[in-house]
Amino acid sequence: MKRILSALSIFAMICLLAPISARADFTASDWESIKAVQVPAPADSGYAFFAVDAEIYDGSADGLKSLRIIDAASHEVPYQIRTQAESESREEFSPKFLNNSYVQDKFNSFGLDLGDQPPSVNRIDILTTSENFTRRASVEGSSDQTEWHMLTDEAYIFNFTRHTRSEYLHLEFPLSNFRYLRVKIFDDGTGPLKISGAKTFKVQKIEAETETWPLTIIEKTENEDKKTTEISLDAQYRALPIREMELNVASHNYHRTVAVHSTDDREEWISLGSGIIFNYDLPQFKKTNNRVAFRENSNDRYFKLVIHNYDDEPLDVRGATGIGLVRGVIFPLNDKLPYTVFFGNQSAQAPQYDLAHRIPYIESDRLPRCTLGPRVPNPSYVEKKPVRPWSEEHAWLLWAIMAAVILFLAYLIFNLTQKTRPENHTG
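Residue numbers (mature numbering (1 follows the signal peptide of the UniProt record, and there is no 0)): -24 to -1, 1 to 403.
No lab work stands behind these hints: they were computed from the structure. Nothing here was measured: the structure is a model prediction, and the numbers come from that model. It is possible that part of the hints are untrue.
Stated by the list, open to error - Straight-line alpha carbon distances no greater than 30 Å define the calculated DSSO-like cross-link-like pairs of lysine-lysine that follow:
no., residue 1, residue 2
1, Lys175, Lys160
2, Lys178, Lys160
3, Lys263, Lys203
As the list claims (entries may be wrong) - Here are the in silico distance ranges between beta carbons for each label pair:
no., residue 1, residue 2, range
4, Gly167, Thr264, 25 to 31 Å
5, Glu62, Ala30, 19 to 25 Å
6, Pro150, Ser340, 28 to 34 Å
7, Ile182, Asn153, 17 to 23 Å
8, Asp240, Asn76, 54 to 60 Å
9, His139, Ala184, 25 to 31 Å
10, Pro190, Thr264, 43 to 49 Å
11, Gly249, Pro190, 20 to 26 Å
12, Lys82, Arg267, 33 to 39 Å
13, Pro353, Ile182, 37 to 43 Å
14, Asp201, Arg294, 22 to 28 Å
15, Asp164, Asp201, 51 to 57 Å
16, Asn153, Tyr286, 25 to 31 Å
17, Glu359, Glu67, 27 to 33 Å
Positions of the beta carbon are idealized from the N, C-alpha and C atoms, including for glycine.
Please model the complete structure; the sequences and the hints are all you need to start from.
Structural data, given as structure tokens:
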């Protein structure tokens, strides 16, 4: 009996776990859309690249896993996607903090001594416990504390703690190696700042390579109970790699928190993050930031901004622009032109090529840039029938297994009842 039970168990597991996944080779009929790749002539570098455009993002909506490049001989061409994100390196120095003072109704002032062999620096961070201020500042440099050279006289610092804390305490100026630096923070009529020290840095920045997409306002509502403005935006395409927004605001002198959400159906919204926008248009201080950064969502088309107005009037928002990193597709060139880009296959897996190990040694900045033709339907595409669950596809087998198990259990019960039936004794 144990052997029979074991055999039935193994048979049932094999039937239930039968579906397995296997990666198939490229088959053109599985891809929905194509684009022609136009390679500039001459292209003698051995490699080229193109930037992924909005139509490819919209037609993929799978994180670009389905992207394939095919040459004229129907061979798959390897590629690697690269992005240039912003990066920053900082080297910190601790100078001597000198002559911290205040000239009545004019400015705070202090000096910094970077030593006999002063390093090159281009930023000073102010250490202060003061709150709710906006001040203009200047930075001067000198080698002997006698002759001073102006490095910047249009730096601004601020701190705000109303509703949400926001501050900017960096003084940026051209790279210099003066031994002495002198900072003045000009009074705005509210008295001196409480300054306890300063740090100096050498900051090197590499700017991100970005592209922009216009976002159309399709709905704007005011929620008086929550004191918020809700703005719905349409990116026109799905799956754009938007990770920042620049708002077009006609209002002046504001400081607001903005939450960002996204969706593909305008029903269920996903929170992407929040940030602060502000504008200070004052005689002694002018600074604007209308950018909000958030996490990138790779599938959605619509965005919603929730602007917290608190007790102020709603802002006059005229529009918005989406900002994201450029996706550059680098690939080798051969003599089998033209190339065609295939995309739009939800079952495709992301390819892995040896090219990924050679990319660090390729000077991608000097590669010829290809252009892409318009998105057109793949003429060989064959729409697949919806895949039914395995249990539905093989329902007859499940019923057969159940029937066999029931019959076997009935057989066991019958045998058990026969063995336990009392014997009749005659006397």
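So, going through the hints one by one against the coordinates:
no.	hint	verdict
1	Lys175 - Lys160	15 Å, holds
2	Lys178 - Lys160	20 Å, holds
3	Lys263 - Lys203	25 Å, holds
4	Gly167 - Thr264: 25 to 31 Å	26 Å, holds
5	Glu62 - Ala30: 19 to 25 Å	22 Å, holds
6	Pro150 - Ser340: 28 to 34 Å	30 Å, holds
7	Ile182 - Asn153: 17 to 23 Å	22 Å, holds
8	Asp240 - Asn76: 54 to 60 Å	56 Å, holds
9	His139 - Ala184: 25 to 31 Å	30 Å, holds
10	Pro190 - Thr264: 43 to 49 Å	20 Å, violated
11	Gly249 - Pro190: 20 to 26 Å	21 Å, holds
12	Lys82 - Arg267: 33 to 39 Å	34 Å, holds
13	Pro353 - Ile182: 37 to 43 Å	40 Å, holds
14	Asp201 - Arg294: 22 to 28 Å	25 Å, holds
15	Asp164 - Asp201: 51 to 57 Å	36 Å, violated
16	Asn153 - Tyr286: 25 to 31 Å	46 Å, violated
17	Glu359 - Glu67: 27 to 33 Å	58 Å, violated
When each numbered hint is compared with the structure, violations occur for hints 10, 15, 16, 17.
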